[in-house]
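Participant: With the hints as a guide, dock the two chains, each given alone in a separate frame, to form the complex.
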Amino acid sequence: MNWDRRAFIKFALGAVAGLHVSPLVPKLMDDVSIWTQNWSWVPVSEKGEVRSKTSINPRTLTGVKVKVLNSRVSGKRIIGLSGDSSFSLGNGGLLASDASVPQKFYYENMKVTTPVIRKKGVRGQVSADEALEVVIDRLRDLKQSGKSSRVAFFADYNCQSIVNELLVRFVSMYGTGHLIFMPSAERMLELVGESMFGRKSLGFDLENSQYIISFGTPFLEGYGSPVNMRKIFVDWKNVGATFVQIEPRASITASQADIWLPCKPGKEGVLAYAMANLIVQEGKASSFVKKAKDFDSFRKFLSENYDLDKVSYEADVPVDEIKKVARGFMESSKAVAVCGPGNSSDPGTLFNFMAVLTLNAVKGNLGEPGGLVVREKFSWENSDRANLDLSFGNGTISAKEKKEIRNNFNMYAFAKEVLEDRIKIDTIVLVDCNPVYSGPRTKMMEKLLKKVPFVVSVSECMDETSKLADVVLPKASFLECWGDAVTPYASARSFYSVHKPLIRESLQVKSTGDWIIGLFDGICDLEKDSSLSFRSVEEALSLRISNMGDDFEKSLKREIWLQKNASYDEFDIKTGTGKVNLLLDVLYKKYSRMSDVENLIDRDSRVVMMGIPSLRTGSVNVPMSPYQLKILDETTLAFKDRLIVEVNPSTVYELGFENGEMVRIISAVGEIRASLHFSNGVRPGVIFVPIGLGHTAFGLYLKNKGVNFFDVVDVYTDCVTGLPEWELTPVNIVKMGEVNDHV
Amino acid sequence: MVAQKNEKQRGWSLTSWWLFLLGFVVFLLLGFWITPIVLYAENPQPFQFSHKLHLEDIESCDFCHFFREDGSYSGIPGLDKCKDCHNEEDPIGETVEEKVFVEKYLANDKPVPWRVYSEQPPCVFFSHAAHVKNAGFECSECHGDHGKTDNLRVYQYNRLTGYSRDIWGWNLIPLGNPPDRMKMDDCVKCHRDSGVRDACFVCHK
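Residue numbers (this note's numbering), protein chains in the order written: chain G, 1 to 743; chain X, 1 to 205.
The shape of chain X in the complex, shown without the other chains (with noise of 0.2 Å):
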């Protein structure tokens, strides 16, 4: 009796926790690994978009990306915006890129279908006016230096919600602040630091 009690007190013993620790370690790494082939699935743009090329073209961001008159903030621009230098007679049409969204988009009048890498849930009310006119944040500061790309990157949203990877943030752990991430504990953490409100009906209404 006394020799199977030692040998379970043995079996137990702390030198012998190396394998909790192995499965530990392999299975965190796998979970890091792992997370974003589980969770997230790409989905192609319609086609490249050169905002650098455009940007050479135009006088600003806000020839495309402008506040409407009623207040609200157009976003993507929709094709009529597109028509004002892409039109019928001078379609600007040259490179490979340029002919797919001549012929497939212009062409037919058909919108071209986006996918918007900031787009929050249909629950948020944000207003880009509170932001960018009353709080006078610059566009960088939460969707990064977008405007000076030469390529759009790959746009990869979630599963399971079909919500933009960019709101959780391309870093697994939550860690850092916008444009790295847009979560509601970012939009919390800023109107607190800046004294606004935060209460839910602010952004949820």
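If we strip away everything but chain G, and leave its shape as in the complex, we get (with noise of 0.2 Å):
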């Protein structure tokens, strides 16, 4: 037979058949179909041991399970975070902001994990030893050479931490007078409870409260413990408190409450005193009050200025409303009036904290359950090692430092000196803290950074602030260090916590108070220094839980919260007379500057700002996650980066302006654009801005989504403490002729 054409089909077809009876194609067709389930973008979840390991989270104060897979390969890895019902703060409550702290945790665009330094503009990666050393150059030539004063401080105010203690005694031991705390509600409590009382550790006893008043306070918006405060919520709906909310908005806790008073903005300070004028002229006055050495003079100028026809007018609440408020306060056995911290993200005003803890004395709820009280001590706060004045330590430190350091919260008031010359300044370095985002004043903040020759940062995440200096030193997260967790804003009862490192991610990463105590190591002479007996952060806290009689082992095994109850009937009045303070010739002064405040207000803008707090939209401290831009509705963004921001129609309507106009609100200091959202739930003349939106860093997924509330927010200087204050700021709005429907 010849090999030809037909003979060669033959046999092709004879390979064919025999080539798929064979197992080839069969098994090629099964991988292949197999092999399409294999995308690289589909995530595959590692195995391996999962356990859950309860901590804290210290910025939220949320208790959480953290569940940690041990992969025999890729070694420990966060897989998530819930809610711990056995924590004593909260009721297993989650935010957010917790449950995304995994994805936080692994953005690269977020985490900082490897010290950066940057040299002739090019920012470097080095190792954490060599970063420190840089630091330690510069600090220890600047103090070798006297020049010890020409160094600040920022860090954030929370004078029970651990952090905060370290950072006192460095700041003390080196000499410099700058140590500048941003600003906060808690500082302001403590200076007017101080000056009222004599009673610095003051806390609302919301617990057991029966009938409350907020002003202002943005109890469901990210106070002190979201989750406890949303418990301690659930608790007055079950044994039927009242809740009264005064703000101009009609925000989530105002939806809340049972009797809603939204009065202009800026007045909630005049309604509180209108409601003491009432409790003062009807005569149920406290003795606390009564015994006042200037009670007639008060009396009288309540009587003349807050007339309950003439708050009414000018807060625009009817005068019924006031009278029922006040006399349900006052009737009730365990009444309290609350104040800060404000809506704008500020700390709150003088005046509005002197009304309330004014209102609290009338009624004379000092030291009663549900009232005002004073917290109870943990045995260290007594100690030297924990008291932030600064008599302790071998620093060399002036007198006339000493005092600056103690009244240095207005962080505002020192940038715009250093940037005017006043002040001469070589280094900042800044503890966990991002004031080129927080501001209030962000552009100055950001002058400042850029004018001062050596910039530190000490942060968890590359921020603006971090973006901005010449060495980033990385922050490591509570979850792979030690730290503390300390009381909440005004609680009652005093409260401590620790958690611990459950993961190590990197050697690179170190907690505040460790790189702190770096700083210490390298710039001081330890044997000759007293102050500092520990060698980190560990040890200062396990000194910490001892000074309480506490075993640290022990504690640590039963996962250590400790918490001190509210002191009831030990309000002992220690002003230098023995007598509550009504603080009149502040008033006085406070008065006449409220009456410049609207004038200006009035006069030069049509509207005023402020901000809406969420705990969506993270917090100035918090920056949220991507996850969290899900949780945003489209009256808060739209079209993916768009701000809204809310007006009441008859604020605009003159103007001709439609709901989803864009527009440009500018005030004195800067600029923004948003798109406008008619609600007829804010005030006329208020134009309500989201806060905690606009990062100008953090990479694809959080980067200019929004516009920063602090980019516009304007900061005046407190004419009697000396603090900054920013709850309103006049704007201009002026149309930018877009409209888009964004609902």
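Do not take every clue at face value.
[As the list claims (entries may be wrong)] Once the Cα atoms are required to be at most 25 Å apart in a straight line, the calculated BS3-like pairs of lysine-lysine come out as:
(1) G:K53 to X:K83
(2) X:K183 to G:K47
(3) G:K147 to G:K574
(4) X:K81 to G:K76
Rather than coming from a laboratory, the hints here were simulated on the basis of the structure.
Facilitator: The following block contains the structure:
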């Protein structure tokens, strides 16, 4: 037979049939079908042991259960957080920012994992030791050349925390007076409490109160420990407590109130004094107030300036409503009036704090269950080790500088003086704060950091401030280091808890406290300095716990959290006279000041601007995660990156603005662009801007999502306390000629 | 014309189909020979390991392969488990293989990247607890007599899918039962035979 075309075809057919019957083709088909399941972008969860460990998020004070996966090959990884129902604060609740901690932890555009140094404008990664050496060299040179006072430290204010204690000790030893804390409501409450009652650690006993008046306090938008506040709110509903919210916007808190008084912005304090006036005029003032030496003058002042009709007109709240709330407050056996922090992420105003604490004093709920109480202190709070007084340690600080440190809570005023060359600063060390974003004068802070030759930032994230720093020292997350969580703002009970490392991602990352101890080691002669007898934050915490009379190891085994109860019947007035100081002299001054601000607003601007705090958008200290963007609705952020601001239609009706109108919001210090959202739930004459958006850092998913509220916030220094205030900012709204229907 | 037609008929006659048969047989054999070469590649284990030797010194399989407190199965032990015996004071590193383990992995605290013969695809949820504790399976029913071996056999993986060859089975014709192969069909068959649900979501969550 010939090997012709036909023969070849027969052979080929046989070959094809043979190959198909062999395993090759069916196996290949099977494998290809399986291969199509293996796309590289489909996440594959790692296998390993999953353990649940307890911890506390010191930023939000949420007790959490952390799921840690221990993979045989790739080690430990955080895979989820859930609420811890056994924790003393809250009821197993969890915030969006807590739930997205793992995302922030592993999102390379947020977390700083290696120290960064900028040389000749170029940033490069170095080891922890190298970075620390650079900072130590700089600080040591300045100290040795007698220029310690040319170094400034910026930090968050949290006087009970171990970081604050270490920082104050370091600054004290180093010899500079420039330790500047971020403005906080806690500090404002301390100042007013000390002035009026001679007591610093004041708290509102919300858990036991039956009648609560909130003067603008955003209870459900991030107050104290938010999960605990939710629990308290539920308890109020269950026991039938009356909750009154006084603020100019129908916020989440206002929507849950039994009575909402939508007053004009900035008039909360005026209403508090009006209520105090009513109680005093009806002869029901407490003995605390009656015993005050200037009580008669006070009564006269109230009747002249806070007459109900006058206040009703000024605050635009009906007289009957004011009377109803004031009488309900007076008649309840467990009532408290609450102030601070402000809705614009501000510490609140001195005037409001004075008014609200005065109202409590007039009611006579001082030291009473459900009233204004003094927190019981932990044992170490009375010892030198934790006292923020700078008398301990071997620092070379002068008496003048000591005074400066103790009163330095105005970062804005400090920046102004440096920019105007009244203070010479060569180095700024920013400890866990981001003033270029949170301001309140962001552009001024940016200018300041650009002017100062050497800037160090200790930060967990590569945020706006760290991007401008010459050295970035990466701060460990609470999941990977030792640290503490302390009493939330104005809590009636003292609280202290410790978090321990659950995971170790990078050896180049340290807790803030350990970075400060590193500076101590490099700059001081520790053998001569008796103020630091520990070499790590873990040791320092161990010392604290043992000062409480507790065994550190045993405490850790039982997942420590310690709490001291509210002190009832122990409200000793500790002012110089032993009587309540009604601060009449301050009131005279403050009253005239308030009038000035109002005139300024009425004359130069069409509206005033306030912030909208929210647990969804993050806060100044806790940037939101990409996941959190998903829970924002179109009345906050629309078209992926456009900020939506709330305004009453009557505010802009005359100007011909429409719903969805794109506008420029211009203040004396800056400008932002946003779309208008008409809402009848806000007061006319006010524009409300969401807080927490508009970061210019954090990569693709968070950068430029909305605009930063603080870019347009103006700030002024209070004439009495010297503290910065920015509750209200006068602004103009200018049409941009673009209307988009965002909802 | 008639002659041409007869010629064509001869060309397609049954007697000449032996060429078809030849092509069929040759390529069938070629298919069997080439299939493993085309589809599978080898990946060496980091070093040799003797289950037999280890079982002489420890009580039982579950000293290393145990159920955790949460009910999940540990599978291949991590370095921490190895350190129970191979500690810093006495690393036990006499043979060549042990020296590799001690010097390369133990000293550097580096986990051993073992290739797992019975690793199922990520889309499969497999609970050892359900099969061992509830159904009472012996380890060897799925894994064979792995625990008695002195050496680790060659690890082969599929070039396309990356999965271990043990899943399909070493037999090129899909015949046999576990431990020879561990395909979905085997799971389904066993579930059906045992009266256990065999719906998709039982294994594919």
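Participant: Against this structure, judge whether each hint is valid.
Facilitator: Against the structure, the hints come out as follows:
With a C-alpha separation of about 23 Å, the suggested pairing of G:K53 with X:K83 holds against the 25 Å cut-off. The hinted pair formed by X:K183 and G:K47 meets the criterion: a straight-line CA distance of about 20 Å does not exceed 25 Å. Under the criterion of a C-alpha separation no larger than 25 Å, the hint pairing G:K147 with G:K574 is inconsistent with the structure, at around 40 Å. Note on X:K81 and G:K76: the hinted pairing holds, with a Cα-Cα distance of about 15 Å set against a maximum of 25 Å.
Hint 3 from the list above is the single one not met by this structure.
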